[in-house]
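Produce the entire structure from the sequences given, and follow the hints as far as they go.
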Amino acid sequence: MKTLIIFLIAFCSLAAQTIIVEKVSGNVEALIGTSETWVKVKAGQTLNGADLISTGKNSSVRLNSSGNKFVLQSNSALGIKSIKKISVKELLLALAMEEIRNVPDTKGNSTSRNTAVYGGSVNKVENELVKSSELGIKKLNGAKQLAKNGYVESAIVVAKETYRKYPETKNLIGERIYFADLMLQLSLYNEAAAELAELKQMNLNKKEADEVELRLEKINQELAK
Amino acid sequence: MIFTAASYGQQSMDFYGLSSNAYNSRFRLNSFESNADNFNGSKDWELSVSFSGVNDENKSGNINAISFSKRISEHYLYARYTPGYHQQFIFNSGVKLVVSDDIDVETVLKTYLDYQEKFGFGYSYQFIPELNAGFSFRYFTQEFEEEVPEPFFSDTLNYIATKTETTTSNFWRGDLGITYSPNENFRLSVSSINLFTPEETSTAEIAKNFSIKKTKGFAAQLSLMPLEKITTTAVYESSNSFLLGGNFAADFLGGVFTFGASVFHDKYQHPFIAGVSPFINFSTELYGITLSGVKYLNDRQAPQTVSNLMERGIHNLLNNNFSYDRLTLSINVALSFLPAQSVKFIDVELKNEIYPTLGDVYLNNPFAVARAVNMTDKTISVKPYSFIKEINSENVYSPVVNILPYDTANISFYTVINLENLKIKRREIAQANFYLTIGSNSAEDQFQKPILINDLNSWDGNVYNLRYFVKRDISFANQHSKLIIKEKKEEIESGKYKSEIMNQVKIIFDDFVKKMKYISDPRASVETVQFPQETLQLKGGDCDDLSVCFASLLEGIGIQTAFVDYKNTGGVSHVSLFFNTGLTPEEMSLITNNDNKIVVRKNLDGNDELWIPVETTSLTDFETAWSVAAEMFNREAVENLGLAKGSVVIVDIN
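Protein sequences, first through last, are from chains A and B.
Oh and the first sequence: position 220 is 1225 in our numbering, straight run, nothing missing.
Oh and the second sequence: position 11 is 79 in our numbering, straight run, nothing missing.
None of these hints come from the bench; they were simulated from the model.
Be aware that a few hints might be false.
Listed next, the in silico DSS-like pairs over lysine-lysine satisfying Cα-Cα at most 27 angstroms (straight line) [what the hints assert, rightly or not]:
{"#": "1", "chain 1": "B", "residue 1": "Lys-670", "chain 2": "A", "residue 2": "Lys-1094"}
{"#": "2", "chain 1": "B", "residue 1": "Lys-363", "chain 2": "B", "residue 2": "Lys-419"}
{"#": "3", "chain 1": "A", "residue 1": "Lys-1086", "chain 2": "B", "residue 2": "Lys-670"}
{"#": "4", "chain 1": "B", "residue 1": "Lys-713", "chain 2": "A", "residue 2": "Lys-1165"}
{"#": "5", "chain 1": "A", "residue 1": "Lys-1205", "chain 2": "A", "residue 2": "Lys-1223"}
{"#": "6", "chain 1": "B", "residue 1": "Lys-670", "chain 2": "A", "residue 2": "Lys-1205"}
{"#": "7", "chain 1": "B", "residue 1": "Lys-670", "chain 2": "B", "residue 2": "Lys-566"}
{"#": "8", "chain 1": "A", "residue 1": "Lys-1094", "chain 2": "B", "residue 2": "Lys-635"}
{"#": "9", "chain 1": "A", "residue 1": "Lys-1153", "chain 2": "A", "residue 2": "Lys-1074"}
{"#": "10", "chain 1": "B", "residue 1": "Lys-635", "chain 2": "A", "residue 2": "Lys-1086"}
{"#": "11", "chain 1": "B", "residue 1": "Lys-491", "chain 2": "B", "residue 2": "Lys-297"}
{"#": "12", "chain 1": "B", "residue 1": "Lys-556", "chain 2": "B", "residue 2": "Lys-585"}
{"#": "13", "chain 1": "B", "residue 1": "Lys-566", "chain 2": "B", "residue 2": "Lys-556"}
{"#": "14", "chain 1": "A", "residue 1": "Lys-1045", "chain 2": "B", "residue 2": "Lys-564"}
{"#": "15", "chain 1": "B", "residue 1": "Lys-713", "chain 2": "A", "residue 2": "Lys-1086"}
{"#": "16", "chain 1": "A", "residue 1": "Lys-1090", "chain 2": "B", "residue 2": "Lys-713"}
{"#": "17", "chain 1": "A", "residue 1": "Lys-1062", "chain 2": "A", "residue 2": "Lys-1149"}
{"#": "18", "chain 1": "A", "residue 1": "Lys-1045", "chain 2": "A", "residue 2": "Lys-1062"}
{"#": "19", "chain 1": "B", "residue 1": "Lys-412", "chain 2": "B", "residue 2": "Lys-517"}
{"#": "20", "chain 1": "B", "residue 1": "Lys-635", "chain 2": "A", "residue 2": "Lys-1090"}
{"#": "21", "chain 1": "A", "residue 1": "Lys-1149", "chain 2": "A", "residue 2": "Lys-1086"}
{"#": "22", "chain 1": "B", "residue 1": "Lys-446", "chain 2": "B", "residue 2": "Lys-412"}
{"#": "23", "chain 1": "B", "residue 1": "Lys-670", "chain 2": "A", "residue 2": "Lys-1165"}
{"#": "24", "chain 1": "B", "residue 1": "Lys-582", "chain 2": "B", "residue 2": "Lys-554"}
{"#": "25", "chain 1": "A", "residue 1": "Lys-1094", "chain 2": "B", "residue 2": "Lys-585"}
{"#": "26", "chain 1": "B", "residue 1": "Lys-582", "chain 2": "B", "residue 2": "Lys-539"}
{"#": "27", "chain 1": "B", "residue 1": "Lys-582", "chain 2": "B", "residue 2": "Lys-557"}
{"#": "28", "chain 1": "B", "residue 1": "Lys-670", "chain 2": "A", "residue 2": "Lys-1175"}
{"#": "29", "chain 1": "B", "residue 1": "Lys-539", "chain 2": "B", "residue 2": "Lys-670"}
{"#": "30", "chain 1": "A", "residue 1": "Lys-1211", "chain 2": "A", "residue 2": "Lys-1165"}
{"#": "31", "chain 1": "B", "residue 1": "Lys-412", "chain 2": "B", "residue 2": "Lys-297"}
{"#": "32", "chain 1": "B", "residue 1": "Lys-566", "chain 2": "A", "residue 2": "Lys-1175"}
{"#": "33", "chain 1": "A", "residue 1": "Lys-1165", "chain 2": "A", "residue 2": "Lys-1153"}
{"#": "34", "chain 1": "B", "residue 1": "Lys-585", "chain 2": "B", "residue 2": "Lys-635"}
Example chain B residues on the side facing chain A (calculated, C-beta under 8 angstroms, incomplete) [as the list claims (entries may be wrong)]:
{"#": "35", "residue": "Pro-653"}
{"#": "36", "residue": "Asp-663"}
{"#": "37", "residue": "Asp-676"}
{"#": "38", "residue": "Ser-695"}
{"#": "39", "residue": "Ala-698"}
{"#": "40", "residue": "Glu-699"}
The beta-carbon is built from N, C-alpha and C at its ideal position, and this holds for glycine as well.
This is how it looks when you write it as structure tokens:
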């Protein structure tokens, strides 16, 4: 336990920009910047903020930045830029930013746009839908490890981004309750309530429904104070 | 500016020296003649009386004319009684009767010619503030008295008595007129002369010889205001007569003082410039006093022959070959039962310069806001309008504003830019004219302020407004993109992405960048943006130009785009582009394995879609442009929280 506490404190100041891969176990890959190809990660390699690192089954990687260390466990993925401490204020800005990015602005023009696209059928190529949920699940695992290592705010940002980019992960009820709890831990009652309210609309089993209801009641009590 | 009534056709000469102008809009005048559009500031009733003194020893001053007028909304009614519009001729003819070889009897016979314009009335209607039309009818009497000899003979006395034979030939005169005045600097009136002249027919020789001539024709009057407060006017009549005049008006003792003069050439008079007509006037809201006159440049006291009268005839009772110098004093009183002015400008604040290409902006955002005061004890509804001749083809009305009694209010002015008839080629200062109306189209008050009008390529720096540059050449962009797609159909079908939109965008982008060079904006005080067609023709541009052009090429074929506005990144603003793949997040792997390269955005239906960033200044290939844009977006917008902090803004082109 002592080791863990030291480990957490040490990583609080870990910079997001440049990290050295200190040790690799098993299958560890990375997407470098905007590359389309996963490459094997080797010990001694340098990774940057825009890179995404992913571990396979029974694999792990230890990262080091100026003496600060972070171990990414198996079946996890994490953007290097996420391994940084952000404030609650920055977290709130990041959550607000998702709304900005999500809603196309219609200021000054309420007319409906022409959605016709020249060239006939577009967009979808039949039978080519790719199930990308595996990477999404890995990212949620990575986010949980961020939280456990003290990067609670960053973990919430990563989780929200993962839900948006990998919508299948929204069905992982247990994970969502976990990240809602992180919000409650930071006293972000409104944000947690919104997340739980969304969960409440889904097909939950009794246990899940009770857990959601319990948290909502707690939030109501807190807000009533 | 108030053009309150319509044209009345008349021969143009009167004794007011073409004295009306836009500046002295309260000028009160009871003339049909030089006031072809019956220019008058009357709002309700108005009474006018004029006295005239003639340089004729046989005549003394008398009432020249009395008139009443009444305005009812856009209708204007006018009636006048004109005892001074009167001319008489008396001439003698000697008659000798030969009674026998050595006896003659002589006598002198007199002939009286009496002409009068008794009364007249008119009506006009203001269709729009710029256009008036109307008609006038006047009634003329002509009475000709001839003494004829009646000889008496007897044994002791032979003499000749006289008896008088009277012939009348009265008639009406009706005319039509129209006036167009798009602004206070320009006014054009056209009116008929003797269009309708129904008359009592007389077969008497004297009536045929001496009746007022009723030659049909027209008069055209053009008034220009080359400088503020100075008006010049020219009138041409189809008889080849003309008048030239000018006047100057200035604020004076709470009213407007105006002075001026006209000279005239009359085909039927000598010398070439037959006379001069000066005037001075002082007008207020309630009254006007005018002293005016005419001085003929030839000797009017010299006797003239009867044959001269017969040959030249009389065409106009006020002004003809036999008229004398005249001095006229007119007093006009407004009998208004309405407030003289209900609403008044306090000031007008211009919110922005005008950028013509951003036309729709001024439909939703006022380009000027006026402060106005209600000068009455009732709530009034003020209908504002504005006109800038360089960008507007007509007056532009803005929403009605209600103002409480004696209260002030802000009044917003919007405008519609007519790009088809834009009258500017480069940046220039124009005059914005603002008007406030109550009920009718007549302006209660007006205000003028200079405003900067930019050229078509000028941009206000607001990325929201780049959309107007994208849309301007959308038809051209549509044709351009269609052509590329048609030529490279096979490449699209066998493209590297499992999305047709992605393959189309890649092909269009690769075609686009291989022709382009990055060219910085010229140093200038205002930012400029090229239209898509210009960028393709010039084969280059800066980030604004390239983003606008590529956005237009995509929008032209229905692919949704958005600008990404990086505000002051490293001290320099930058514009990049997004486009909508139409794919859902679940379909991400159809186009990329790297979720750093996509942005998820909700559409209007609330469904998530994948958008792709593209850096149009990366003049390499589509993949590089995508990666460069994605890296910049992730760094500036996501990691640095630029979207939340406002340093990065996504602007949809919709």
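Check each numbered hint against the structure and report the violated ones by number, ascending.
2 and 25
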